[in-house]
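Chains as they are written, first to last, in the numbering used here: chain A, 543 to 636; chain B, 2 to 217.
No lab work stands behind these hints: they were computed from the structure.
Everything hinted at is true.
With a straight-line Cα cutoff of 27 Å, these simulated DSSO-like cross-link-like pairs (lysine-lysine) come out:
id	chain 1	residue 1	chain 2	residue 2
1	A	Lys593	B	Lys86
2	B	Lys85	A	Lys591
3	B	Lys25	A	Lys605
4	B	Lys25	A	Lys591
5	B	Lys23	A	Lys593
6	B	Lys25	A	Lys614
7	B	Lys6	A	Lys591
8	A	Lys614	B	Lys6
Where chain A lies over chain B, by a calculated footprint (3+ residues, C-beta under 8 Å):
id	region
9	23-35
10	88-96
Keep in mind the model is a prediction, meaning the values are calculated, not measured.
By construction, the Cβ of each residue, glycine as well, lies at the ideal position given by its N, Cα and C atoms.
Here are the chains, one letter per residue:
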Amino acid sequence: MFKELDPILHSQLRLAVMSLLIGVKEAEFTFLKEKTGSTAGNLSVQIQKLKDAGYIEVIKQFKDNYPQTICKITQQGIQAFEQYVNNLQSYLGK
Amino acid sequence: MDANKPLTEKESLDLITSMLNKAKQSYHDSGIGPIMWGSVITFCSLITWARFKFGFDIPFDIWLLTLLAIIPQVFISIRENRAKKARTYNDIAMDYTWLAFGISIFLLIHANTGISKGFEKGFGDYFKSSGFRFYDYTTSLFLIIYGIPTFISGGIMKFKPMIFGGVLCWVCSITAVYTPPLTDLLLMAASAFFAWFVPGLIIRKHYLKLRQQGNV
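The shape of chain B in the complex, shown without the other chains (with noise of 0.2 Å):
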C-alpha cells in the first residue's frame, strides 16, 4: 500500500468499505469459554439429578466444581486477550455482558444462602422429607439469568445457535417453575449443553478453520 498514491473519491471510499470490513472481521472468539462451562454445568446437573435419581452420594458438593472452573477461565481470559492484537468494541461488549453475568451469579448465590435460611427454618420438615435444598428449587432464576448473556452474545456475534441458546434457557426457565425440582436439573443440562456446550464447538470449529488459513 502506497502512502503518496493518489486516490479517486470512489477508491477511497471503497478503501474505506474494505477496511471497517477488515476490523468488524478482527473479532474472534476461540470458543473454550462455552465449551468448559456448557460441559462443567451440564456435568454437574446430571451427576445431581443422577444422586437423587439413584440415591447415592458423593463426598462433597459436585457444583463446587464451577468455582474450581474459574481458575483456568481467568488463564484463558488472559491467555487470550494477551494474544489479541486489536481490541474491538465487540471484545468490549462481551467483556462487560459475561462480567456482569458472573457477578449477578455470584449475587443470586448470595440471596439464594440468606433466604435460604429463613425458609429452611420455617419448612424445615419439608426440605429435609424431600432431601432437595432451597436451592434446587431456584433453576428457574439462574435459568433467566443463563439467557440474558447468551442472547446478547448470539446478537454481538451474529451467531443464531446462541440466540437460540439464549431463548431456550428462558423457555426451560419457564418451565422449570411448573416442573418439580428433579426435572428442572434435567432443563438445566439441556440449557447448558444447547446454550453453551454445542455453540462453543461450532465456534471452536470456525475458529480452528480462521486459525488454519492464517486468519487469526
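If we strip away everything but chain A, and leave its shape as in the complex, we get (with noise of 0.2 Å):
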C-alpha cells in the first residue's frame, strides 16, 4: 500500500526550498531565490504557502536599512520532510 505524497512538499519549488532549509539552520530569501533560480514573486508565494502549513518560519527585519526575509524550518516541517522522504522511498522500492 502506497502512502500518499503530502501535496504541500510535492510541488517542485516548495521542496526544493524545503530540501535547501533542511540542510541549514535559516536562510535569507535573496539566498533561497538564487538556489532555486525562481522569480521574487512566485518564490514568495509558495513561502507563504509553506508557511501557512506550518513547515517553516518566517522572519521579516531591517538588515542596514534593507527589509530582509529569513526563513527557518520548522519541527512540524521537519517532521514532514522526512515523512514526505520515507513515503517517496516506498514509491521507489515498488
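Can you join these two chains into the complex? Each is in its own frame, and there are hints to help.
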C-alpha cells in the first residue's frame, strides 16, 4: 500500500525550498531565490504556503536599512519532510 | 522553477539531493582569520626567539600584538556574518569551536599567571638566570590547545591541510616537552605557520576563485 505524498511538499519549488532549508539553520529570501532560480513573486507565494502549513517560520526584519526576510524550517516541517522522503522511498522501492 | 509542475518520484528525489548539495556547498570560509592569526603567532614567536637568540630587547611585550589582533578579528567576523545569506550548521559548529578555543587560551594564560607567581617565588633565581619566564616553559600546553580547533575545523571543512595542521600542533606539543624554551618558540612558529597561515592561504585562494565565478 503506497502512502499519499504530502501535496504541500509535492511541488517543485516548495520541495526545493524545504530541501534547502533542511540543510541550513536559516536562510535569507535572496539565498533561496538564487539557489532555486525562481522569480521573487513565485517564491513569495510558495513561501507563504509553506508558512501557512506550519512547515517554515518567516522572520521579517531590517538589515542596513533594507528589509530582510529570513526563513527557517520548523519542527513540524522537519517531520513532514522526513515523512515525505520515507513515502517517496516506498514508491521507488516498488 | 515551477511550483505547479507535476513531479515524478524520481524527479522529487533528484531535486532533494541537488538542493541538499547546494545547501552544503553554501559554507565558505574567506581564510582571512587563519592567515591573520597564523602570521601574528608566527611573527611573535620568531621575534621572541630572535630576542633570546641574539640578546636584544624591545620596549614592549611582543605578545600584546595578539590582543591587538582581536580587534580586526571582531570586525572581520561581524562583516563576514552580515554578508552570509544562509547560516549553515557548519557555521555554527565553527563559531562554537573557535569561541571555545579563545576562552581556553584566555583561561590558560590566566592559569599560567597564577601558577607562575608561585613558581617564580620558589625558583626565582633559576628564572632570573635563564632569562625565560614561566610562560616560555608552557608552550607545550598552548600547542595542545592550538591543535584542537584546527583539527576539528579541518574535519568540518573536510580540508586535509588543516587536519594535518592540527596533528602537527600536537606533534610539536610532544616535542616541546623535551626541548629547551628557545626551540619551543620555533616549534610554536612552525605550528602557527603550517596549521593556520598556509591552510589560510589555500582557503583564501579557493574563496577568491569562487567569488570570481559569482558563487559566493
